Amino acid sequence: MKWLTASRYVVLPVASVGASWIAVVAVSFLLIRLIPGDPVEIFINHMNVRTTDELIAAYRAEWGLDRSLVVQFAIWLEGFVSLDWGKSFVTGQAVTAELFPRAGWSAAIGFSGMASAILIGYGLGFLAALKPAGVAACLSRLFAIGGQALPAFAVGLIVLWVLAAELQWIRPFSGGVVERLLLPIALVAFFSIGSVSRLVLVGFCEVLNAPYMRTALAKGLGRGEALWRHGRRHAVIVLLAGIAPDLAWVIGGTAVAEIVFGVPGLSERIVAAVAERDYPVLQPYIALVAIWLVVGLRLTAILRRSLDPRIDLSLEVGHR
Amino acid sequence: MLFVLALIAIGFFWQPHDPHAIDLSQSLQAPSWDHWLGTDHLGRDLASRLIVGAQSSVFAIAIVLVSSFGIGVVAGAAIAIGPWSVSATLRWLAETVLTVPTFVLALLLAALFGAGLMSIAAALIVVTWAPYALSLAALFDRLRGEQYWQASLALGAGLPGALHRHMLPNTLPVLGALAGADAGRAVILVASLGFLGLSADTGHPEWGAMIHEYRMFLFSEPRLVLAPVCATTVLAFLLNRALDRNINV
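From first to last, the protein sequence lines are chains U and P.
Number 116 in the numbering used here belongs to position 116 of the first sequence; there are no gaps in the numbering.
Going from the second sequence to the numbering used here is simple: count from 1 and add 1000.
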């Protein structure tokens, strides 16, 4: 029995996460290699050398493109897991050396942005539920509308223009690490706060109408205390159930923030890699994004399950 | 809204200047009667480029909306009435697609077909058909429980007839509202992906690509960046206002 429980809560989730990850990565691997342009020809054209069949064959052999797709994928997968991501076709440098420092910047922006959005959004949602006509409720609605109706890059550029060009309060391109990260994080957070706070608000409002809430109030608890004590868990559950789009937003949002504020993160390099058909750079990026999404979605599902044992995960085929 | 549409329509036949004409002697001119919004670093007229850019933006958005709506309705109907295997596969596909970041998808497609407006549109279609399909299926599940639906089938109406008679009037308004809400979002997404450098097609200006091109002038000539930024924001806002009745929910 014990082994069964362990297999249900540890082995199975890990296996299913691994399976989805490999599926995503394999599909993207195939897609990238279906690209019409041949990276070898593009590379040789760049060097302005006359293209000969031997030259092409030599490069194909060196880059491992002459083998079957399955073998290529197996080699790549082994390399990815053992942190040997190969060399960029274009710059010839090790991909790990190129991407790791950039990944640090991107991860800092993405994680902090998401974390601050959840913290601020949660507080805002709670206050909005407490006082439906108060300042917090109004703010939460504004964030939600703004997050839907405003383009992220537009907000970023205008903020940059006002703060850096007009008022000259900050030096976003030359300042210290904190100075450079502050605005990108704020931008990523700004567009998630709205949806987070709406979800939290929904969670708290459901609790407000529950019979046990009436009991708690009758018992003599203050409104805020009762709501916090009985609702905070439920609000987290609702938030976890609806956060998937925000997990995806962090990827695009970080990209926008990096380009607007000139942070040397992953996105800039990736866009260039697309133009140059630089598979070894593109592939790990997609694999990393896939890890973030697959693990993130699984984790929210498991967290929900542990907060509310009534939720049966095996019934959920996909996740919204 | 009407004003913007009129401006776009006029732009098909007439622009104040040739948007592609490079005139280095006229570079970075301040706004004047001749050049309403001034000129860019190559001396091209900014207002003309904006108007022409509006065409490609609106064109891309229209393609995205129409195709995702069409695919969504067909897929939704297949989920609702198809055999179990088809409907389960499609539902899984729709739910999976919803969690894929548009940016990554657009990257992949840009790698596949080359960077350009069509890759962006294709990426958006791949993502945006799913909500239509899922809500159509959900609406249809509810419809199936209604008596008039069962009655019409019992009375011998064929499935296509019943679908036409009962399903379309019951679902199209909801899906239409969804599409309205999506229109504003599509403006933003198209411009965002263009801004990230994925619409490299510089021959035909597009707002996102213009912002991408002009972003280094943010400090010296902010109007070059702010004009397309404002255009995008205003169009998105107007579309949201005009089509999305429940943005306050």
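No wet-lab data here; the hints were simulated from the structure.
Fair warning: there could be bad hints in the mix.
Okay, the calculated bits of chain P under chain U, using three or more residues with CB under 8 Å as the criterion [to be verified]:
1) 1154 to 1164
2) 1186 to 1193
3) 1221 to 1232
Covered, in the sense of this in silico footprint (three residues per stretch, anywhere, with C-beta under 8 Å from a C-beta of chain P), are these stretches of chain U [stated by the list, open to error]:
4) 214 to 228
5) 243 to 250
6) 267 to 274
On a predicted model such as this, the values are computed, not experimentally measured, just so you know.
Glycine residues also receive a C-beta, built at the ideal position from the N, C-alpha and C atoms.
Hints, one by one, checked against the model:
no.: 1; hint: 1154 to 1164; in the structure: violated (count 0)
no.: 2; hint: 1186 to 1193; in the structure: holds (count 4)
no.: 3; hint: 1221 to 1232; in the structure: holds (count 6)
no.: 4; hint: 214 to 228; in the structure: violated (count 0)
no.: 5; hint: 243 to 250; in the structure: holds (count 5)
no.: 6; hint: 267 to 274; in the structure: holds (count 4)
Hints 1 and 4 from the earlier list are contradicted by this structure; the remaining hints agree with it.
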